[in-house]
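Number of protein chains: 4
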Amino acid sequence: MVCAIKIHEKPKLNNPVLIEGLPGIGFVANIAALHLIRELKADFFAEIRSSSFQDLAVTTETGGTRSPINQLYYTKNRDGGRDLIIWHGNTQALTTFGQYELCGRVLDIAEELGCHFIITLGGFKQEEITKTPQIYCAASDPETLKKALDLGAKVMVGQIFGIAGLSIGLGRLRGFKGFSLLVETLGTHPDVNAARQALSAANKFLNLKVDLSGLDAAAEKTRKTLESFGIIRRGTKEKKKEESQLRWFI
Amino acid sequence: MVCAIKIHEKPKLNNPVLIEGLPGIGFVANIAALHLIRELKADFFAEIRSSSFQDLAVTTETGGTRSPINQLYYTKNRDGGRDLIIWHGNTQALTTFGQYELCGRVLDIAEELGCHFIITLGGFKQEEITKTPQIYCAASDPETLKKALDLGAKVMVGQIFGIAGLSIGLGRLRGFKGFSLLVETLGTHPDVNAARQALSAANKFLNLKVDLSGLDAAAEKTRKTLESFGIIRRGTKEKKKEESQLRWFI
Amino acid sequence: MVCAIKIHEKPKLNNPVLIEGLPGIGFVANIAALHLIRELKADFFAEIRSSSFQDLAVTTETGGTRSPINQLYYTKNRDGGRDLIIWHGNTQALTTFGQYELCGRVLDIAEELGCHFIITLGGFKQEEITKTPQIYCAASDPETLKKALDLGAKVMVGQIFGIAGLSIGLGRLRGFKGFSLLVETLGTHPDVNAARQALSAANKFLNLKVDLSGLDAAAEKTRKTLESFGIIRRGTKEKKKEESQLRWFI
Amino acid sequence: MVCAIKIHEKPKLNNPVLIEGLPGIGFVANIAALHLIRELKADFFAEIRSSSFQDLAVTTETGGTRSPINQLYYTKNRDGGRDLIIWHGNTQALTTFGQYELCGRVLDIAEELGCHFIITLGGFKQEEITKTPQIYCAASDPETLKKALDLGAKVMVGQIFGIAGLSIGLGRLRGFKGFSLLVETLGTHPDVNAARQALSAANKFLNLKVDLSGLDAAAEKTRKTLESFGIIRRGTKEKKKEESQLRWFI
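Chains as they are written, first to last, in the working numbering: chain B, 1 to 250; chain P, 1 to 250; chain C, 1 to 250; chain A, 1 to 250.
Isolated chain B, as found in the complex (with noise of 0.2 Å):
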């Protein structure tokens, strides 16, 4: 299978722009993409699962299952804004395979769904961090970098890992524009304020009006839900230990 995609509503849109919101490095992204979903109110349209995400369920509170899994939500018709594609989730995929699979079905979606630019979310990290932290941005072209310098970011110097930086590099191959938006952040937490940095950008960009004062909800409900699936531990700052092949047995 590598990716199954269920589809449950195609809607219309309008020239809208992709942003990507996946875990990674600080859960930055994470967190702004619930945090947007949730005050846009934006409708969950598509969802996909893969066979390089972990294989296992996690049980929620109440005593039902949750798997991993990536989202996709719209926005349209918004008030003096484009329409949106957001793409949420609790986990990238666990290869390089997957993760290139993963990317290129969420860009044919989006492409066919008439979507040509991309915003990609994301820590950047450092060993110290100021308290308003920099952002940080890198762009498929001059022009579009331009755009991202103008929210106040600084050029970016390194490596965009993950899907942050794969769908901006995948998605130039077929005629994408976008730039990746990377706040410093320790990294070994849910970093709110680096949300905050990242969200207040998009904000201004995108004309989206979106209050930030319930962005420690959006933190919270990430961090409980990157707990349950193992990818944070609970109270450490312990990295993930790579499962063991034969882990299903004892």
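Worth flagging that the hints you see were computed from the coordinates, not collected in a lab. Hints are not guaranteed to be accurate.
The list treats identical chains as one, so a pair stands whether inside a single copy or across any two.
Claimed, not checked - With a cut-off of at most 30 Å between alpha-carbon atoms, the simulated BS3-like pairs for lysine-lysine come out as follows:
no., residue 1, residue 2
1, 10, 125
2, 131, 204
3, 6, 177
4, 221, 146
5, 41, 177
6, 41, 76
7, 147, 6
8, 6, 146
9, 224, 146
10, 224, 6
11, 177, 10
12, 209, 10
13, 209, 41
14, 177, 224
15, 224, 125
16, 12, 209
17, 131, 76
Assemble chains P, C and A onto chain B, guided by the hints.
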């Protein structure tokens, strides 16, 4: 190939329940499924091999060979009970990719036979266990959860690894309902007490009337089979070490 | 690609026996197969490359190159004996997935040529061996087992790793009968004595009348080939360490 | 996807030679290919991305992004020389499977353009090197080997890792002829001296008349590119450590 499936018979079943019983924590499901197959005289109808199983054969005591395999059995027209599909095997897949593929293929077959309900059994690893180990549960939806709670299970909090968790999640994507019954176990040996608890609950839910007095024999058979594949070490609690890539060479 | 197959000739064979002779424990099968090919003047008819082989070429003494490869040979109309397909090569696949794929493709070819019987040779690793190493066997079915036991083999108890075990198992799924002959070996070097035992038994079973006096030459050729691929280290018993993912880089 | 190929132009070439120049030992081929592209003003015509490349983007000094990629260039109607296809890139694939796939796809393209000859360049790692490093060679066949020996190369004894070896082997399966030129190098840094030797030989064989005075610039550009991808560590000889599976998470 990924999965090679050989279907020996296509049974006509009436709204059957799929019971997953592969080796996992404490081998609870594996013992229980074997016992069900024996006691219900279930009919073997399909076998599945995956390129994500181990690449070896093991010998039987009498010079025969046994391969890593999953098998499907059915029972129908049981006096007072629903038709069943029992998913048994001597291994799960070694990779995440293989797990998703295996699970998807078995759900394909089950769906084709009219199945929309899955029960997965398993162990819930604990440092200590009481004499009558507690059953925990998680379900695809609140209504189904209630059925599991009615069997005396408590709400599970944690991760359900491997096929037991995956099949609930992938099933839900296809409209399957279902629950996991996870019994407390040390997880270090084939746990006949935990399997007895799981079977008692399944007995009650499915109106099975299966005699549990011969369960030790199923546990002993399970232990021997898994030892022959090196999944359980003879007389130890040691985990199987990851095989070298060139294992076939010396 | 996984497997790229080039068939140079489609021989018409009469109910042939497939003899597997890839590198494995003690290189027993590899030496035996090479000797058979030479002594029977078997005809080369197919070659298989797999993306699960090593990604390299090795040089010959004369500046040529050799690649990881599997090759099929045949003999037909032998005086008093059955037609043969001999499966030789300088490697098995590096991954479980690759092993299943490779094995499946060779069985495809064999089946198409009318083959329904497979003999796999191999080493059975022991800490100590006697001067005349014992042969052990396992078979697809009791009738075939009896044929192997009649050759002086004892019933094998244990695991048959790699293609030697896999091809018996995957073959049975297609209706192949067959047995494995596994000879005691220290497993640390190309073991000419073990290969001699294996060939003696094969000679007897297949009515081959192959002269074994030149077996040392086949062992030496096998050692040189496998050394050039780094599968045997020059002058040591050391196992090959897993290659770094970025091995091509420094 | 495995490989995503974008062909921008299908040049009409006359019996072209494919020159492989990916990063490898001492980065000999990578420097040499870049220099050829610049000096011959070769035309870019195809790009290849693979899901076996790293899943990241790196930033350029000016805020742009660069992705792991392979690119094909051509030159035609050169005064007195054969048409060329130059295979350049900032990475090889991370897995054996990916290497075979990548190599197969490039050979597909080359074959379609009428190419039947391949030259692979590379480093031959030594503990010490002389001032004028020796060139070693291996070839698809004796006739082609003679051509390489005539360039002053000695017969290579050893393994040719990665695409440099693989493409000779996979090429031969399709009827390509070709040779590898491997220059002695410490292998720990982009080795401009070794690249000069390789290019001198290629110059001679292909009647290229390429000026080698600007080779330092190509080496410096290669070093910077590979540093940005983390393939060369800034100022050290350290190998890149295998990335954690969940690298994107902290």
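Results of checking the hints against the structure:
no.	hint	in the structure
1	10 with 125	neither (37 Å within a copy, 43 Å between copies)
2	131 with 204	within (21 Å within a copy, 60 Å between copies)
3	6 with 177	both (26 Å within a copy, 17 Å between copies)
4	221 with 146	between (34 Å within a copy, 25 Å between copies)
5	41 with 177	both (26 Å within a copy, 28 Å between copies)
6	41 with 76	within (10 Å within a copy, 48 Å between copies)
7	147 with 6	between (34 Å within a copy, 28 Å between copies)
8	6 with 146	between (37 Å within a copy, 27 Å between copies)
9	224 with 146	between (37 Å within a copy, 24 Å between copies)
10	224 with 6	within (25 Å within a copy, 42 Å between copies)
11	177 with 10	both (23 Å within a copy, 26 Å between copies)
12	209 with 10	within (26 Å within a copy, 49 Å between copies)
13	209 with 41	within (13 Å within a copy, 50 Å between copies)
14	177 with 224	between (34 Å within a copy, 25 Å between copies)
15	224 with 125	both (22 Å within a copy, 22 Å between copies)
16	12 with 209	within (23 Å within a copy, 55 Å between copies)
17	131 with 76	neither (35 Å within a copy, 58 Å between copies)
This entry does not satisfy hints 1, 17, going by the numbered hints stated previously.
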